[in-house]
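Asker: Residues per chain are reported as follows:
2 protein chains.
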Amino acid sequence: MAKEGADMTEETEYMIDKNVSKEAENVESSGDAKEMRAVVLAGFGGLNKLRVTKKAMPEPQDGEVKIRVKACGLNFLDLMVRQGTVDNPPKPPLVPGFECSGIVESVGENTTGFEIGDRVMAFVNYNAWAEVVCTPVDFVYKMPEEMTFAEAAAFSLNFVAAYMMLFEVANLREGMSVLVHSAGGGVGQAVAQLCSTVPNVTVFGIASCFKHAAIRDSVTHLFDRNVDYIQEVKKISPEGVDIVLDCLCGENTAKGLTLLRPLGTYILYGASNMVTGETKSFFSFAKSWWQVEKVNPIKLYEENKVIAGFSLLNLLFKHGKCSLVKSVMDKLLCLYDQKKIKPVVDSLWALEEVKEAMQRIHDRGNIGKLILDVEKSPTPLMASDSTETSEAGEEEEEPEGDNDSKERMPFIH
Amino acid sequence: MAKEGADMTEETEYMIDKNVSKEAENVESSGDAKEMRAVVLAGFGGLNKLRVTKKAMPEPQDGEVKIRVKACGLNFLDLMVRQGTVDNPPKPPLVPGFECSGIVESVGENTTGFEIGDRVMAFVNYNAWAEVVCTPVDFVYKMPEEMTFAEAAAFSLNFVAAYMMLFEVANLREGMSVLVHSAGGGVGQAVAQLCSTVPNVTVFGIASCFKHAAIRDSVTHLFDRNVDYIQEVKKISPEGVDIVLDCLCGENTAKGLTLLRPLGTYILYGASNMVTGETKSFFSFAKSWWQVEKVNPIKLYEENKVIAGFSLLNLLFKHGKCSLVKSVMDKLLCLYDQKKIKPVVDSLWALEEVKEAMQRIHDRGNIGKLILDVEKSPTPLMASDSTETSEAGEEEEEPEGDNDSKERMPFIH
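In order, the protein sequence lines correspond to chains A and B. FYI, this note's numbering numbers position 33 of the first sequence as 17, with every residue one higher than the one before it. FYI, this note's numbering numbers position 239 of the second sequence as 223, with every residue one higher than the one before it.
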C-alpha cells in the first residue's frame, strides 16, 4: 500500500512491482520512453489484486486514435470486472477501464476526423486506466470547449446509457413517470437530468438516506433504499410507473416489475447487488448473477409489460452499434451546450487511489461519478497507514473492508 | 346443425334450443319484443358448444351506448375463449365477441358524445356476437362516412393492436425491419399497412404458402411457415430484425428472440399455437400455454434485447387504458381518411355460420379478417348436411373436423 508523502508514487510502484505477475513483468521490460503508468488487475478478486505499474506504451493501429489520458471514469462495472463476474472477461493481468478523456497524441493509418491536440472523450474496450490509450476512431468524440476533462470522463458512459434507456429502449414522453435505483449514482443523476428535459416527467429516486440532502432537488420523490419503496411509490402513484431503471438485479427485479403500469418498461442495466457484501466469493457472485429470476412471457402478455436488458458496452464492443451511439452523443452534446445537462462529478482520485475509489462505490458512498485523475498525486492518508496487503483468495471473504482504518480524503469536486 | 333453404334461421334456432343450457332458457323467457338473436357458448370446448339462440335484449346502463349490431369481428382469441384457455373467462353460457360495428339505438343516463342513428364501431367485453349490444361510451368510436360496417368490424382490434405494438411498445422508425407471423391474418395485414406509412421499413412476413400470391405485395419478403424462416431472414438481414411480432408462442418464442438485433423488441401478442391440432384437449392447451419458456433477464441484458407482452383486451377492460386507445383510434382514423390504411376483410358469415368461420381461422385459411354479418342469411351448405351434433367432452379429441363434409361457401369479400 502507498505511503504518505509527495513522492509516494514511485515508491508505490516499486512496492507493488514486487507482487506483479510474470506476464506484466515481461511487458515492463521495454525502455523508459516507451513506458506508461497504468492500473493493472493482476487476477480476479479483491482490492488487493489492483496495483499501479508500468506498461509498454501502446501505439495506434489502423483506424485508431492515441490519447494522452487526463481522466478516466470509474463505474460499478469495473468492480464486477475486478471480481471476474462479467461475461467473458479478458485473461488477467489486464488494465481495467472503459472510458476516458484526454488529448489526441497521434492517429493511426486511415484515421480521419481527429488531429493531434484535439480534446476528446472516448470509450475503450478495457485499458482506459492508463496514461495513454489507443481506441478505434468510432469510439472517440470531440469535447465541447467548456467541458473539463473530469466532466468528459464522467459524461460518456452514464449519459449515453441513460439517454438510450429512456429514449431508445423505453419511449419517454411528456407526463410519464420513471423510477431509478441508485439515484445518487452517475447513471441516476444523468437519468434525473435527462428526465427534466421532457415536460411533466415524475422521477422517483431510490438512494441511501445520507445522500438525500444532496440529491433531493434532482428528483421529484426520493425514498430510502431500506424502506418499502414499492408501497411508498404506490401511495403516490397507485397505478405504478412507466419506466423502472434497475441496476440492482436479483430479488428486486420481481418487485420492480410489480411497480410497472400497463405498457410500462422495466430496464435491467446492471447488477450491482451482485457486488455487495452479502455474496462474498467470486463463486457465489457468479452463481447469483446467473440464477436471477426468469420472466414468464405470458405474464408480460397478460399485464401488458415490457422487460428489457441494456448493456452499453456490449452495444459498443460486441453489437457494433457505434454509429447509433455517435448519433446519441451528438444529441447529448447539444443538450450540454444548451446547459440542460451537466455531469455530476463525485470526486477525483489518483491512479494509486483506485482501491479507495472502488471502496467508495462499493459502499455506495458516491454522489455522481468517481473519476481517476491521471495527473493527480495521491492524497495523504487520513489515518494510520499500513503496508500490509491482504492476500485473500478468490473463494475467501472479500477484503473490501481491509482499508477501513486508512480511508483517504478524496478531492470532492 | 342448419338446414338448407331461405327460412333456415328459425329452424336452426329451434333445433339448437333443444340443447340449450338451463341458464340460457331462463334468459329466453322474456317477451318476443325484448329478445334478440345471439351466438351463445354453452360451455368450454369444441365447435359443438356454439349455437345461435334468443336472449333477453340488453338495455344501456349509466354511461353506456346501445348498439344495433351490423357486423362483428371474429378473432383467434375467440377460439381460445371457446376452449376456456383465456385468463379468467366468464362462466358459460356466455355470448362471445369483443368488437362490432352498428348503429346507436339508444344511450344510457349520463352518456354524452353519441346520438341515436350514429354509425359506430365498439369494443365490448364479451357479448359482441348479438343483434344488440350495450357497452360503455369509452369503448365506442364514430365510423368514418365511407367506411362499411364490415370494414369497421374488421378495423378496431386489429389496427389498434398493430399500431400500439409498432409505435407504443416498440418504437418503429425509418429504416427499421419488422417480422410478423401470420402475415395473412387480420393483425398481420394491419401491421404491413402501418409499416408502409413509415419510410424504408422492411417487413418480413410468415404465412402459409397458399396465401403467398394474395399477400405478396403487402410485405417486403414472404416466407412459408414450414421452412426454416430464421435462416432465410438471416440470409437477407444477417444482423436480424428490429421488431418481431409473435402471435404464436411456444417453441417459436426462443427462435424469434434469436432473430432480434441489438435493441430489438420481441412482442408476444397472442398464443395461436395453443389452438392448433397438435394439442387437442382443453387440459393440454392450458398446460402448454402456461409452460411457455421463461426468459432470463440477464440474457436480455447481455444481448441488449427487449421482450414485451401485449393484450389489447386487457389494456381496455382490465388496465383502464381507454383514453390512450381513443387517441390511437383518432390517429388511425386519420390514416384511414388519408387512404393510407384499409382493413382487409376475408369473408362474411351469418351468425349461424360461426362454426364454419371458426374452423376457417383454425385452419389458417383466412386472408384478413372474418366478419359475422348479423343481417346475413346462412349460405347453402356445399355438401351433404347433417343434424348430428358432436358431444365431445372437454378432455376428448377436438371436434374441429366434424363438419369437414359440409363446408359452407362463405361470401368472400
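Because the hints were derived from the structure by calculation, they are not lab data. Among the hints, erroneous ones may be present.
Only pairs whose alpha carbons sit at most 20 Å apart, straight line, appear in this in silico SDA-like list of lysine to any residue [unchecked claim]:
(1) B:Lys283 / A:Asp321
(2) B:Lys278 / B:Lys302
(3) B:Lys219 / B:Thr204
(4) B:Lys38 / B:Lys75
(5) B:Lys283 / A:Phe301
(6) B:Lys302 / A:Phe301
(7) B:Lys302 / A:Leu243
(8) A:Lys283 / B:Gly68
(9) B:Lys326 / B:Arg200
(10) A:Lys283 / B:Lys302
Residues of chain B clear of chain A, computed beta-carbon distances all greater than 12 Å [what the hints assert, rightly or not]:
(11) Gly97
(12) Glu115
(13) Lys126
Quick caveat, the model's predicted, so the values are computed rather than measured. Heads up, the beta-carbon is just placed ideally off N, CA and C, and yes, glycines get one too.
Asker: Run every hint past the structure and note whether it holds.
Answerer: Each hint, compared with the structure:
no.	hint	result
1	B:Lys283 / A:Asp321	violated (36 Å)
2	B:Lys278 / B:Lys302	violated (24 Å)
3	B:Lys219 / B:Thr204	holds (14 Å)
4	B:Lys38 / B:Lys75	holds (18 Å)
5	B:Lys283 / A:Phe301	holds (16 Å)
6	B:Lys302 / A:Phe301	violated (42 Å)
7	B:Lys302 / A:Leu243	holds (16 Å)
8	A:Lys283 / B:Gly68	holds (17 Å)
9	B:Lys326 / B:Arg200	holds (17 Å)
10	A:Lys283 / B:Lys302	holds (14 Å)
11	Gly97	holds (24 Å)
12	Glu115	holds (32 Å)
13	Lys126	holds (25 Å)
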